[in-house]
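Peer 1: Letter by letter, the chains look like this.
Protein chains: 2
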Amino acid sequence: MKIVKSIHDMQNVIKQEKINGKIIGFVPTMGYLHDGHLSLIKRAREESEIVVVSIFVNPLQFGPNEDFDRYPRDFERDKKLAEEAGADVLFCPETTDMYPDKPVVTVSVNRRTDALCGKSRIGHFDGVATVLTKLFNIISPDKAFFGLKDAQQVAVVKGLVDDFNFPVTIIGCETKREQDGLAMSSRNMYLTEEERKEAHHLYQSLQKAQDWLLDCDSGETEEKMIKYLEEQTDGIVEYCKILSYPELLPPETDDEKLIIAVSVRFSKARLIDNVIIDNIFEKKGSGEEKCSVH
Amino acid sequence: MKIVKSIHDMQNVIKQEKINGKIIGFVPTMGYLHDGHLSLIKRAREESEIVVVSIFVNPLQFGPNEDFDRYPRDFERDKKLAEEAGADVLFCPETTDMYPDKPVVTVSVNRRTDALCGKSRIGHFDGVATVLTKLFNIISPDKAFFGLKDAQQVAVVKGLVDDFNFPVTIIGCETKREQDGLAMSSRNMYLTEEERKEAHHLYQSLQKAQDWLLDCDSGETEEKMIKYLEEQTDGIVEYCKILSYPELLPPETDDEKLIIAVSVRFSKARLIDNVIIDNIFEKKGSGEEKCSVH
Numbered sequence: 001m002k003i004v005k006s007i008h009d010m011q012n013v014i015k016q017e018k019i020n021g022k023i024i025g026f027v028p029t030m031g032y033l034h035d036g037h038l039s040l041i042k043r044a045r046e047e048s049e050i051v052v053v054s055i056f057v058n059p060l061q062f063g064p065n066e067d068f069d070r071y072p073r074d075f076e077r078d079k080k081l082a083e084e085a086g087a088d089v090l091f092c093p094e095t096t097d098m099y100p101d102k103p104v105v106t107v108s109v110n111r112r113t114d115a116l117c118g119k120s121r122i123g124h125f126d127g128v129a130t131v132l133t134k135l136f137n138i139i140s141p142d143k144a145f146f147g148l149k150d151a152q153q154v155a156v157v158k159g160l161v162d163d164f165n166f167p168v169t170i171i172g173c174e175t176k177r178e179q180d181g182l183a184m185s186s187r188n189m190y191l192t193e194e195e196r197k198e199a200h201h202l203y204q205s206l207q208k209a210q211d212w213l214l215d216c217d218s219g220e221t222e223e224k225m226i227k228y229l230e231e232q233t234d235g236i237v238e239y240c241k242i243l244s245y246p247e248l249l250p251p252e253t254d255d256e257k258l259i260i261a262v263s264v265r266f267s268k269a270r271l272i273d274n275v276i277i278d279n280i281f282e283k284k285g286s287g288e289e290k291c292s293v294h
Numbered sequence: 001m002k003i004v005k006s007i008h009d010m011q012n013v014i015k016q017e018k019i020n021g022k023i024i025g026f027v028p029t030m031g032y033l034h035d036g037h038l039s040l041i042k043r044a045r046e047e048s049e050i051v052v053v054s055i056f057v058n059p060l061q062f063g064p065n066e067d068f069d070r071y072p073r074d075f076e077r078d079k080k081l082a083e084e085a086g087a088d089v090l091f092c093p094e095t096t097d098m099y100p101d102k103p104v105v106t107v108s109v110n111r112r113t114d115a116l117c118g119k120s121r122i123g124h125f126d127g128v129a130t131v132l133t134k135l136f137n138i139i140s141p142d143k144a145f146f147g148l149k150d151a152q153q154v155a156v157v158k159g160l161v162d163d164f165n166f167p168v169t170i171i172g173c174e175t176k177r178e179q180d181g182l183a184m185s186s187r188n189m190y191l192t193e194e195e196r197k198e199a200h201h202l203y204q205s206l207q208k209a210q211d212w213l214l215d216c217d218s219g220e221t222e223e224k225m226i227k228y229l230e231e232q233t234d235g236i237v238e239y240c241k242i243l244s245y246p247e248l249l250p251p252e253t254d255d256e257k258l259i260i261a262v263s264v265r266f267s268k269a270r271l272i273d274n275v276i277i278d279n280i281f282e283k284k285g286s287g288e289e290k291c292s293v294h
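Protein chains in written order, with our numbering: chain C, 1 to 294; chain D, 1 to 294.
One chain only, chain C, in its complex shape (with noise of 0.2 Å):
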């Protein structure tokens, strides 16, 4: 596995690739990987020839308070398991390298992100979208990996690409899932010993409120997940949505597909998590129905 840290070097090395005629896959990181990015990486190694990691912690997707100095990270480790996953190239460049000054360009997310994580953390998304620009056009990748526990990111990136006609084919991976249905996340590392008893309750939420949407409305059906988090956890719930995807607004018939999302703020660690499902209320015939059950 090749490891480059230059932004210049990086393009040379793709440049080449491609006059090979290539595909290359990519699959952007933070670092501190867990399964979940390890099946991303799995997956562009099937999907790929060249299967190119990146690993940079972007300060532009962190607001003030958020956790961008404690971010874990352990680059010795990442490299042995990104090697062992199937990466090829493994790029990491410095802050100072791809943010050398305060840019005179940056994206700007005008939709998709009033809703869920958008809605509290103000400037997150044209972070990520800002840097995946940069990502996408010094690693020029055919197909790009992201997992659907970002499903919120993932619907961004999806606009990044259509609108910006970036030559790349976005890939939604399933979320990698804990034993007991907890999602995978750097930041489960924070929870404490009793959260992380507590947090599959997150998953189990999701689990029930597609019952429970079979008999109620989509803002009955919230009320009941929040009501259930909160017996079930000492976590603050953040929200508790149901929504179009990936459009993220309030269901309509008319949307082939809904996203049931949940965040959770614990002690140390804000943890998300969702489902996305066929929509259930074009049998039903509305997202308004009362509930039956009370």
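Worth flagging that the hints you see were computed from the coordinates, not collected in a lab.
Wrong hints could be hidden among the right ones.
[Claimed, not checked] No farther apart than 25 Å at their CA atoms in a straight line, the calculated lysine to any residue pairs in the SDA-like style are these:
1) D:K119 with C:S108
2) D:K143 with C:P167
3) C:K102 with D:Q207
4) D:K158 with C:K268
5) C:K143 with D:N20
6) D:K227 with D:I276
7) C:K15 with D:I171
8) C:K158 with D:Y99
9) D:K15 with C:D142
10) C:K2 with D:V275
11) C:K42 with C:E174
12) D:K5 with C:T169
13) C:K18 with D:E47
14) D:K18 with C:D142
15) C:K268 with C:H200
16) C:K22 with D:K102
17) C:K18 with D:D9
18) C:K22 with D:K257
19) C:K42 with C:I23
20) C:K80 with C:E94
21) D:K102 with C:S108
22) D:K102 with C:N188
23) C:K257 with D:K119
24) C:K102 with D:I171
25) D:K257 with D:C173
26) D:K18 with C:D162
27) C:K257 with D:K102
28) D:K15 with C:G21
29) C:K143 with D:T106
30) C:K15 with D:I170
31) C:K15 with D:Q16
32) C:K158 with D:D101
33) C:K119 with D:K227
34) D:K158 with C:M98
35) C:K79 with C:I3
36) C:K22 with D:N12
37) C:K102 with D:D255
38) D:K143 with D:V275
39) D:K18 with C:I171
Starting from the structure of chain C, add chain D where the hints point.
Peer 2: Chain D only, in chain C's frame:
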């Protein structure tokens, strides 16, 4: 010369040329080609193996009261001229293909815009940067050629390419002029006969400014330019400015380059012109010296 209308077809054409290892030269235009454009195409012809010219009148870079609807268009003439100048591919997408929907993402230009044309044309450079991001992704040029008449545009585009790591070299080409010095522009056709006779004074004012700067500070020189243009033309002087280039800030002794820029509004045409010079204040010591001649 190949004519390509679909974004998808254009990306496929380029993909093949890239596999062939060809150097792609790109000249983005809004059509109604004049000798200025043709000189860019000829330059691209000399310095690249595949020359792509785009014609797209980009609605995003026109303000609500600007001339989008009446911007001159003549595709048959453009086609002939582009081919004669050496274009291999003419890319002319439909507006509905370039902007099928309200965009999820756009590019925001955060610097180099609070001066010259950017000051009055709010959002103009965001529109320019957004469409160029799209075009660069569609055409993947190795080199892109821009006229320095739009020097602020070149400054923004260089920022765009640097910040977003587009693997493209931006080549700013000298302004082509009519015999009397008037900078070539598609908008010159809007001038009345009388205005056309006066219009060369924009360039004259830039020439005189370089002399005045030997004795005066930048503020004094700007005032002299305004006075000169008000005397010599019936147009309304929008600005006469001396700034650092490409940052477009008040000149400092350590700036390498300065721009002297002018904009005059005639009855139906707003003309701009500029010269970029080595920093004269470097030798003089400061741009704040008082003018010796009053």
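Peer 1: Does each hint fit the structure? Answer for all of them.
Peer 2: A quick look at each hint next to the structure:
1. D:K119 with C:S108: holds, 20 Å
2. D:K143 with C:P167: holds, 18 Å
3. C:K102 with D:Q207: Violated, at roughly 34 Å.
4. D:K158 with C:K268: violated, 42 Å
5. C:K143 with D:N20: Within the cut-off at roughly 21 Å; holds.
6. D:K227 with D:I276: With Cα atoms ~21 Å apart, K227 of chain D and I276 of chain D stay inside 25 Å; holds.
7. C:K15 with D:I171: holds, 21 Å
8. C:K158 with D:Y99: Distance of about 15 Å is within 25 Å: holds.
9. D:K15 with C:D142: holds, 11 Å
10. C:K2 with D:V275: violated, 47 Å
11. C:K42 with C:E174: holds, 13 Å
12. D:K5 with C:T169: Given that 25 Å is the threshold and the Cα spacing comes to 22 Å, the pair holds.
13. C:K18 with D:E47: Given pair K18 of chain C, E47 of chain D holds - Cα atoms ~21 Å apart, limit 25 Å.
14. D:K18 with C:D142: Holds, at about 14 Å.
15. C:K268 with C:H200: holds, 16 Å
16. C:K22 with D:K102: violated, 34 Å
17. C:K18 with D:D9: holds, 19 Å
18. C:K22 with D:K257: violated, 43 Å
19. C:K42 with C:I23: At roughly 15 Å apart (the allowed maximum being 25 Å), I23 of chain C and K42 of chain C satisfy the hint.
20. C:K80 with C:E94: holds, 20 Å
21. D:K102 with C:S108: holds, 13 Å
22. D:K102 with C:N188: violated, 37 Å
23. C:K257 with D:K119: violated, 43 Å
24. C:K102 with D:I171: The given pair, whose Cα atoms are some 23 Å apart, holds under the 25 Å limit.
25. D:K257 with D:C173: holds, 16 Å
26. D:K18 with C:D162: Measuring from Cα to Cα gives roughly 22 Å; hence the hint holds.
27. C:K257 with D:K102: Since the Cα atoms of K257 of chain C and K102 of chain D sit roughly 20 Å apart, the hinted pair holds (cutoff 25 Å).
28. D:K15 with C:G21: Roughly 9 Å between the alpha carbons, so the hint for K15 of chain D and G21 of chain C holds.
29. C:K143 with D:T106: holds, 22 Å
30. C:K15 with D:I170: It holds: about 18 Å lies between the C-alpha atoms, which stays within 25 Å.
31. C:K15 with D:Q16: holds, 14 Å
32. C:K158 with D:D101: Given that 25 Å is the threshold and the Cα spacing comes to 14 Å, the pair holds.
33. C:K119 with D:K227: violated, 52 Å
34. D:K158 with C:M98: holds, 16 Å
35. C:K79 with C:I3: Holds, because 9 Å separates the two Cα atoms, which is no more than 25 Å.
36. C:K22 with D:N12: Holds, at about 15 Å.
37. C:K102 with D:D255: holds, 18 Å
38. D:K143 with D:V275: holds, 23 Å
39. D:K18 with C:I171: holds, 24 Å
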